[in-house]
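Asks: Assemble chain B onto chain A, guided by the hints.
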Amino acid sequence: NAGVTQTPKFRVLKTGQSMTLLCAQDMNHEYMYWYRQDPGMGLRLIHYSVGEGTTAKGEVPDGYNVSRLKKQNFLLGLESAAPSQTSVYFCASSYEPDRGSHEQYFGPGTRLTVT
Amino acid sequence: GIQVEQSPPDLILQEGANSTLRCNFSDSVNNLQWFHQNPWGQLINLFYIPSGTKQNGRLSATTVATERYSLLYISSSQTTDSGVYFCAVDRGGDDKIIFGKGTRLHILP
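First to last, the sequence lines map onto chains A and B.
Take the first sequence: its letter number 64 is residue 64 in our numbering, and every next letter is one higher.
Each position in the second sequence, counted from 1, maps to that position plus 115 in our numbering.
A couple of the hints might just be wrong.
Stated by the list, open to error - With the Cβ distance kept under 7 angstroms, some of the chain A side facing chain B (calculated, not the full set):
(1) Gly42
(2) Leu43
(3) Thr54
(4) Gly58
(5) Asp62
FYI, nobody ran anything at the bench for these hints, they're computed from the structure.
The structure presented is a predicted model; accordingly, all values stated were derived computationally and were not measured.
Glycine included, C-beta positions come from ideal geometry on N, C-alpha and C.
Isolated chain A (complex conformation) (with noise of 0.2 angstroms):
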């Protein structure tokens, strides 16, 4: 299983460009999400996901739009980029229904610098 795998790695923007990131997951979860991560301010949840076609906001949503049409994918999109988005975003998923488990696994991260 290649776990939790996320594209490109590192990426730099320009104010006002777009782009997207993709998530992709092996492992059947149910759940997916996607987080930002500034210095000093730990983990902060932008959108996350609880199955296939379904999206719900997170703790700083604005400027971001997400997007779940297959279980193993969950896409952020960021229409206008600013440079407040500068940031490493991290995605993860969680909840086998089997198992029971929601544990969360978490991907290697993307670098987004916007100028």
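Replies: Coordinates of chain B only, in the frame set by chain A:
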């Protein structure tokens, strides 16, 4: 929402020392995890421990759900234990997972 507080915020120890990290949470939770973020930024699962005690080598964790806290014990610290330790909780179902701000651990050789 649930508040998660971790202490201490920073900890510097000599190699071989033992340490205890604490996670307090403000409401009942169904799920609690401990993670280690290594100096390269990778988040590694340590324990999934909504209640009780678990051990894995030099690390162990105890969660006392009724008193709303969890402890992570690291014995005989090694330099590879350096990094940030996070606690994360949620109330189950569709509830959001909330992370604490972490404890930064630095082990000196």
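Asks: Hints first: check each against the structure and report whether it holds.
Replies: Now for the hints, and whether the structure bears them out:
1. Gly42: 4 angstroms, holds
2. Leu43: Hint on leucine 43 of chain A: holds, closest Cβ of chain B at ~4 angstroms, below 7 angstroms.
3. Thr54: 9 angstroms, violated
4. Gly58: 6 angstroms, holds
5. Asp62: Given a least distance of 16 angstroms, the restraint on aspartate 62 of chain A is violated.
Hint compliance for this structure: hints 3 and 5 are broken, all remaining hints hold.
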